[in-house]
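A.B. asks: Letter by letter, the chains look like this.
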Amino acid sequence: MGGILVYVLHYEGALNKNSLGAVSEGAKLAGELGVDCDAVVVGGGDLTNELLGTLGSYGAKKVYRAEGAEGLAQPVIDVIDKVIADNGHNYVIFGGGLLGFEIGAGLAARRNAGVTMEVTNVVVEGGKLIAERPILGDSQISRSHYKGDLGIIIGRINAFEVKETGGGAAEVVDVQVDYSPWSNQATMVQRGEQRGADVNIEDADVLVAGGRGLGKAEGFQLCEDLAGVLGGAVAATRAVVDAGWYPYAAQIGQTGKSVAPKLYLAAGISGAIQHKVGMQASEHIVAINKDANAPIFEFSDLGIVGDLNKILPKLTEAVKAKKGG
Amino acid sequence: MKICVLVKEVPDAAVEKRIDPSTGRMDRSGEKNLNPYDTHAIEAAMQLKEGGALQVDEIVAVTMGPESAVRALHKAVSLGADRSIHLTDAALAGSDVAATGYALAKALEKEQPDVVLLGQQSDDGECYTIGAVVAEHLKAPSLTQVIKLDVVDGGLRCERQAEYGYDTVQVSLPAVISVGDAINEPRYPSLKAIMGAKKKPLETASAADAGIDASLVGGDGSRVQCGEFKAPPAKAAGTIIEDEDTDATVEQIVAWLDERKLI
Ligand SMILES: Cc1cc2nc3c(=O)[nH]c(=O)nc-3n(C[C@H](O)[C@H](O)[C@H](O)COP(=O)(O)OP(=O)(O)OC[C@H]3O[C@@H](n4cnc5c(N)ncnc54)[C@H](O)[C@@H]3O)c2cc1C
Ligand SMILES: Cc1cc2nc3c(=O)[nH]c(=O)nc-3n(C[C@H](O)[C@H](O)[C@H](O)COP(=O)(O)OP(=O)(O)OC[C@H]3O[C@@H](n4cnc5c(N)ncnc54)[C@H](O)[C@@H]3O)c2cc1C
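Residue numbers (our numbering), protein chains in the order written: chain A, 1 to 325; chain B, 326 to 588.
Just so you know, the hints here were simulated from the structure itself, not pulled from any lab data.
Note that the structure is a prediction, hence the values are computed from the model and not measured.
No residue lacks a Cβ here, since even glycine has one placed at the ideal position from N, Cα and C.
Be careful, since some hints might not be right.
Claimed, not checked - Using C-beta positions, here's what the derived DEER-type ranges look like: (1) A:137 x B:545: 28 to 34 Å; (2) A:12 x B:517: 50 to 56 Å; (3) B:345 x A:124: 27 to 33 Å; (4) A:262 x B:479: 52 to 58 Å; (5) B:570 x A:187: 55 to 61 Å; (6) A:221 x B:585: 22 to 28 Å.
Claimed, not checked - With a straight-line Cα cutoff of 20 Å, these simulated EDC-like cross-link-like pairs (lysine to aspartate or glutamate) come out: (7) A:310 x B:570; (8) B:586 x A:205; (9) A:314 x B:569; (10) A:323 x B:584; (11) B:464 x A:81; (12) A:314 x B:567.
Generate coordinates for the entire structure from the input sequences, incorporating the hints supplied.
C.D. replies: Here it is in structure tokens:
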């Protein structure tokens, strides 16, 4: 009895990187607590014994597998509820993303448990887990203590490092679940990607990222011109991707890509946490924003308070001149 | 058909948000306002009503919060809600996400809404998850961060961005949906609507009125205690340039980039 359970998300036969990080973290903490770390997956035929066995190398002992709808939170709540009822896990950990938030919170409601989201660090104190969450624009860190026999931890993306521990194949255990009626009242019509061209921002050394401050889709031309002379690519925020101004494949952040270029230059981006988590590993961060109080200045190496419409064209010319000279 | 919109009062955007060290809770003494993300939920309700594909008879704004939270309800009504419900009780103070969602679900149970709409996040707690908790208690299908909402086959067809791109999900009613801020451009309230807001029906409910089990709410009923804080690791402050003369600014940027061999 006892132990840590980690939800592992997958898509088209591949396990999610943040979930693997959560398994690695769960296994480390389980070691400190002297319990096991298990994983749980929900989906279809691509969840093979072979694929799931690989979770053992990140530290998972057992993998509970249930057949069910993919990409929706509520069926997973039913599965985890059943796994905990049968096996008595005391903690559930999720890597970052979106589904983990929905599953974790719904599970807290189902099992009358405590939940902490956006967790960047977990520590063991007195035989219990304490979850640490940056709050209020990352200006403070809140430490969550859990009461009762279940604590739910939803990580921030990229918070938990993926680590192979060299363990053997995990044991796969099939779970039969009677899904709640309301879990069957949502159906996936279409899942994943879409919205625009297939661009590659993950391999670029230089990224010029544009946000809502560009004002309109055409505003991205300013970013493309600068990226052109710097030899880089153009990236975007969710706000502008949702608005249809730029392709999803170029989005940085919680539900987009994680990048770590040599230079990341933001134009008209406020610096929301969900964007920051995808680019804070960049070597040099430059931001142009007309609002001196924009959160992005809190984590920029060079911040320019000003109008991007004035600065970007001149910057492009100046870089061009510098390169030519 | 009835739509309930959950709205919250938060510290105004202009107020620096901080934790009151004596209580370990949000300092709510400054200027407050309706959570800006919730205006998108109200607008979504208005568009469902005006769209005509669903016969929406009533939009009800619901909040849980202290006395001052009535102002968030007045604002919600000025933006289009027909009436409002204020769940308020000392026993509810200090509730975590699970307890808050439970309490709100109890208040909603009495209303039997066909659709419950929420904002994508509150501007203070930023937990993103109240919708998922409410849905679990109401035993209703649910989705968060929805940026496109259409009535299809008597249910809602929802689009949202998740970890692998854009998903389209069909949910039947009743359903609990939190909407992303890209879903719409909220309208401004008319002067007439602002003036009339206080005259629209407002019901005040205590925890007992809503049938809430007091042992499951408040600081004591909450399963997670988040009252302990520490400072994040210090980070060296970056260089800031105020752009007064753009030619000079650009020269400085180029020099900065060049020094780091980024050009
Ligand atoms: C679950 C979830 C997942 C999310 N995932 C992501 C994600 O993966 N990636 C992501 O980016 N976001 C994500 N978000 C959204 C995120 O919270 C922000 O809403 C988004 O990043 C804001 O985009 P923005 O900076 O372009 O727009 P805004 O926040 O609107 O900022 C625009 C900025 O432009 C500035 N500006 C305006 N005009 C000018 C001008 N002329 N010159 C200079 N500056 C100007 C303004 O001062 C402002 O700071 C997510 C949110 C949630 C809840
Ligand atoms: C800095 C900070 C960190 C916190 N961290 C945690 C934590 O890790 N775990 C935890 O369990 N609690 C936490 N809390 C407490 C939590 O914020 C409260 O329980 C709060 O009442 C609900 O969360 P939220 O406002 O963040 O909701 P969100 O889930 O961000 O809000 C989404 C939507 O729910 C609706 N809504 C939210 N609150 C109400 C309300 N009172 N009345 C009506 N509608 C509402 C609105 O439509 C809103 O747009 C934290 C609080 C603060 C101030």
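A.B. asks: Taking the hints in turn, state whether each one holds.
C.D. replies: Each hint tested on the structure:
1. Range check, residue 137 of chain A to residue 545 of chain B: about 29 Å between beta-carbon atoms, so the 28 to 34 Å window is met.
2. A hinted range of 50 to 56 Å holds for the C-beta pair residue 12 of chain A and residue 517 of chain B, which are about 53 Å apart.
3. Checking the proposed 27 to 33 Å range against residue 345 of chain B and residue 124 of chain A shows it holds: the Cβ atoms sit about 29 Å from each other.
4. Taking 52 to 58 Å as the suggested C-beta distance range, the pair residue 262 of chain A and residue 479 of chain B conforms, at roughly 53 Å.
5. For residue 570 of chain B paired with residue 187 of chain A, a C-beta distance near 58 Å keeps the hint of 55 to 61 Å intact.
6. Between residue 221 of chain A and residue 585 of chain B the C-beta distance comes to about 26 Å, which sits within the given range of 22 to 28 Å.
7. In summary, the hint linking residue 310 of chain A to residue 570 of chain B is supported, as the alpha carbons are separated by about 10 Å, within the 20 Å threshold.
8. Distance hint between residue 586 of chain B and residue 205 of chain A is fulfilled; the C-alpha atoms sit about 12 Å from each other, no more than 20 Å.
9. Distance hint between residue 314 of chain A and residue 569 of chain B is fulfilled; the C-alpha atoms sit about 14 Å from each other, no more than 20 Å.
10. Between residue 323 of chain A and residue 584 of chain B, the direct Cα distance comes to roughly 14 Å. Compliance with the 20 Å bound is thereby established for this hinted pair.
11. A threshold of 20 Å between alpha carbons decides the hint, and for residue 464 of chain B with residue 81 of chain A the separation of about 15 Å falls inside it, so the pair holds.
12. Annotation: proposed proximity of residue 314 of chain A to residue 567 of chain B holds, straight-line Cα distance about 16 Å (limit 20 Å).
Violated hints are absent here; each numbered hint is respected by the structure.
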